[in-house]
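2 protein chains.
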Amino acid sequence: MRVRTSGDVVDMRALWWEDEAVKAIDQRALPHDFEIATIRTHTEMAEAISNMTIRGAPSIGAAGAYGMALAWRNEINLEDAAQTLRATRPTAYDLFHAIDLMSSEDGDLRRPADRYADSVVSRCERIGTNGSELIEDDMKILTHCNAGALATVDFGTALAPIRVAHRAGRRVFVFVDETRPRLQGAKLTAWELANEGIEYAVIADNAAGHYLRDEVDMVIVGADRIAANGDFANKIGTYEKAVVAGENGVPFYVAAPLSTFDPALPSGEGIVIEQRSPDEVLFIDEVRVAAGGSNALNPAFDVTPSKFVTGFITEQGIFRADNLKNFLEDARV
Amino acid sequence: MRVRTSGDVVDMRALWWEDEAVKAIDQRALPHDFEIATIRTHTEMAEAISNMTIRGAPSIGAAGAYGMALAWRNEINLEDAAQTLRATRPTAYDLFHAIDLMSSEDGDLRRPADRYADSVVSRCERIGTNGSELIEDDMKILTHCNAGALATVDFGTALAPIRVAHRAGRRVFVFVDETRPRLQGAKLTAWELANEGIEYAVIADNAAGHYLRDEVDMVIVGADRIAANGDFANKIGTYEKAVVAGENGVPFYVAAPLSTFDPALPSGEGIVIEQRSPDEVLFIDEVRVAAGGSNALNPAFDVTPSKFVTGFITEQGIFRADNLKNFLEDARV
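Respectively, the protein sequence lines represent chains G and B. At position 301 of the first sequence (counting the first as 1) the number is 301 in this note's numbering, and the numbers step up by one without a gap. At position 316 of the second sequence (counting the first as 1) the number is 316 in this note's numbering, and the numbers step up by one without a gap.
Chain G with its partners taken away, still in its complex shape (with noise of 0.2 Å):
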């Protein structure tokens, strides 16, 4: 991704292996510091996943697969590294996915997470090649959270179709949901998208179905685990625009590469919703915002019926819900 750090763009993604340790962009001092956190263990690794230092499934899948690599390297055993990182997120399917893929390496697993790590980008880039087929010149598109470059290593799953278009020379308007309570819309798919150079207004969350109604030409969207009959988690409040979506005609598209598919799960009803802390919804930056001695309720992930979905964008084509089932068991292969 793109970087303006003091003048110059430099391109670098949201996590790499470097000098027997791994390096990321902590995503929790974006958009006003930009800072390098250094991971040097598994556990510290748990620890940046769960404190969202690294977020996004793709990302977390990566995160997955070098901490497996920096508990070879130090010597752990395996499987307790495989369920200490387990223990971090409990909705991203990717997180499963690299983490079962590492297992089943022998040997020094650096290379391997590399390897995973480089699979991911390329596939977020057939992502954003495909999906910008579906977007003309002058299109306002509406996105929710953060499922840029940041989320994906690099390039990004809902942004990717945008930055495609960008860089063909159309021109794209986003609508940016703020995304409460963590606002990786305001702080990091605006951050993205002015390193790029699109055009774009950050809206509260609120704003969208208004948008939605006259504005918006398409939603695209990220997900953290879609199920075999195409129900999917994302982060919370995708439900909401994806029923103003469909009530308004306006088409909705989830982007993911494979490894966010989870066969094994019929449908959304078994994907498990993990509750965040009260305290981001009662602070915001660590400035209290609700009045004291108030509850919170944070769930951080809701689930989107497939009904809603237009159609969904990999590495391996667009294709419907209704046509999922076939369109995994050939991708599979």
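For the record, the hints were derived by calculation from the structure and aren't laboratory data. The structure presented is a predicted model; accordingly, all values stated were derived computationally and were not measured. Take these hints with a grain of salt, some might be off.
The list makes no distinction among identical chains, and a pair is therefore deemed to hold if it is satisfied within one copy or across any two copies.
Claimed, not checked - Straight-line Cα separation of at most 20 Å, SDA-like style, residue types lysine to any residue; simulated pairs:
#1 140 <-> 228
#2 325 <-> 266
#3 140 <-> 299
#4 307 <-> 228
#5 140 <-> 297
#6 325 <-> 288
#7 307 <-> 249
#8 307 <-> 167
#9 140 <-> 86
#10 23 <-> 3
#11 307 <-> 248
#12 325 <-> 268
#13 23 <-> 110
#14 23 <-> 135
#15 140 <-> 295
#16 140 <-> 278
#17 140 <-> 171
#18 307 <-> 262
#19 307 <-> 78
#20 140 <-> 269
#21 325 <-> 293
#22 325 <-> 84
#23 325 <-> 2
#24 325 <-> 170
#25 140 <-> 87
Position chain B against the provided structure of chain G, taking the given hints into account.
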């Protein structure tokens, strides 16, 4: 409303006349600080409405009436004063209704303004009594923004039925949308419910859809303006909640006094939507949250079509949108 200040519980209104001035709870300072603003002129009143010291359609109506009374006392041309007060906020109908009423009076406007405020409160009490019949023991109710006592001089519109049901001994749980960008739910509704001893949890606006799928029994919101066909304007985000409630078969009620109905407006298309400062989105409590250089769009209201409204809870009873025209003709006689 009940207000707990340093141990004491006192009963007070959101605004009232005292010593040749208007006193108002400064809603910008809540919930962390409890401050009473003193407003001595109609221009100070216009400022208090614009900057949201006083907010909520019925409270803004009373503020308009008191602003006219201040102008009379200060020997200001009443047509000029009316123009200044009307220019503060374009969406709430009560403001125009109240100023029209004051303009039709002769002599000192202090008593007429008091009567207007009293009438708002007694209407809200009747809304509470009428609406409480919908609320059964152990119900979970979602509300958006603050349509409580602060917004309505006293008692509330959306919160009035909840107050009455609670005082009648029914157990009620309220999901409080935090209501970005200004967080009136987290700050004001939570404060009112805590003062009243009603059980609640604050949620990110994004989480409302998740809970509408299987936990919320009923939605009650207020309104800023209701057209003759039942389309209504309310705080941004209301439209999304209405669509998602409809998708899930959750009853959706609008609680408002007749002064919020604008029978001259055929549908919601004619409602002017106030665009407020982008800084309300880009900053939270003066802390910048969005990426540097970001633009934001900040519509303060949205319009919900009447087809999503199960019923309107008014001081004269509960009625359906498709019966609105007959009802308004009868009620206005």
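Now the hints, each set against the structure:
For the identical chains of this complex, residue 140 and residue 228 are neighbours neither inside a copy (30 Å) nor across copies (33 Å), given an alpha-carbon limit of 20 Å. For the identical chains of this complex, residue 325 and residue 266 are intra-copy neighbours only, at 10 Å inside a copy versus 49 Å across copies, given an alpha-carbon limit of 20 Å. In this assembly of identical chains, residue 140 and residue 299 lie within 20 Å of each other by CA distance solely across copies; the values are 17 Å between and 29 Å within a copy. In this assembly of identical chains, the alpha carbons of residue 307 and residue 228 lie at most 20 Å apart only when taken from the same copy (13 Å versus 34 Å across copies).
Taking the shortest Cα distances, residue 140 and residue 297 sit within 20 Å of each other only across copies (14 Å), while inside one copy they are farther apart (32 Å). For a Cα distance limit of 20 Å, the shortest separation of residue 325 from residue 288 qualifies neither inside one copy, at 46 Å, nor across copies, at 45 Å. In this homomeric assembly, residue 307 and residue 249 come within 20 Å of each other (Cα to Cα) both inside a single copy, at 13 Å, and across copies, at 17 Å. Proximity of residue 307 to residue 167 under the C-alpha cut-off of 20 Å is found in neither arrangement, the shortest distances being 32 Å within a copy and 43 Å between copies.
For the homomeric pair residue 140 and residue 86, neither the shortest alpha-carbon distance inside one copy (38 Å) nor that between copies (35 Å) is at most 20 Å. Within a single copy, residue 23 and residue 3 get their C-alpha atoms as close as 15 Å, which meets the 20 Å cut-off; across copies the closest is 52 Å, which misses it. Taking the shortest alpha-carbon separations for residue 307 and residue 248, both the intra-copy value of 14 Å and the inter-copy value of 14 Å come in at or below 20 Å. For a Cα distance limit of 20 Å, the shortest separation of residue 325 from residue 268 inside one copy, 15 Å, qualifies, whereas the shortest one across copies, 43 Å, does not.
Taking the closest pair of Cα atoms, residue 23 and residue 110 come within 20 Å of each other only inside a single copy of the chain (14 Å); across copies the shortest separation is 68 Å, beyond that limit. For a Cα distance limit of 20 Å, the shortest separation of residue 23 from residue 135 qualifies neither inside one copy, at 34 Å, nor across copies, at 55 Å. In this homomeric assembly, residue 140 and residue 295 come within 20 Å of each other (Cα to Cα) only across copies, at 15 Å, whereas the closest approach inside a single copy is 37 Å. Taking the shortest Cα distances, residue 140 and residue 278 sit within 20 Å of each other only across copies (19 Å), while inside one copy they are farther apart (34 Å).
Only within a single protomer do residue 140 and residue 171 lie at most 20 Å apart by alpha-carbon distance; the minimum there is 9 Å, versus 45 Å between protomers. In this assembly of identical chains, the alpha carbons of residue 307 and residue 262 lie at most 20 Å apart only when taken from the same copy (18 Å versus 38 Å across copies). For a Cα distance limit of 20 Å, the shortest separation of residue 307 from residue 78 qualifies neither inside one copy, at 40 Å, nor across copies, at 58 Å. Proximity of residue 140 to residue 269 under the C-alpha cut-off of 20 Å is found in neither arrangement, the shortest distances being 32 Å within a copy and 22 Å between copies.
In this assembly of identical chains, the alpha carbons of residue 325 and residue 293 never lie at most 20 Å apart, being 48 Å within a copy and 44 Å across copies at closest. In this assembly of identical chains, residue 325 and residue 84 lie within 20 Å of each other by CA distance neither inside one copy nor across copies; the values are 32 Å within and 63 Å between. Taking the shortest Cα distances, residue 325 and residue 2 never come within 20 Å of each other, neither inside one copy (36 Å) nor across copies (58 Å). In the homo-oligomer, the alpha carbons of residue 325 and residue 170 never lie at most 20 Å apart, since the shortest distance is 34 Å inside one protomer and 49 Å across protomers.
When the C-alpha separation of residue 140 and residue 87 is checked against a cutoff of 20 Å, the pair qualifies neither within a copy, at 39 Å, nor between copies, at 32 Å.
The structure is inconsistent with the numbered hints 1, 6, 8, 9, 14, 19, 20, 21, 22, 23, 24 and 25, although it conforms to all the rest.
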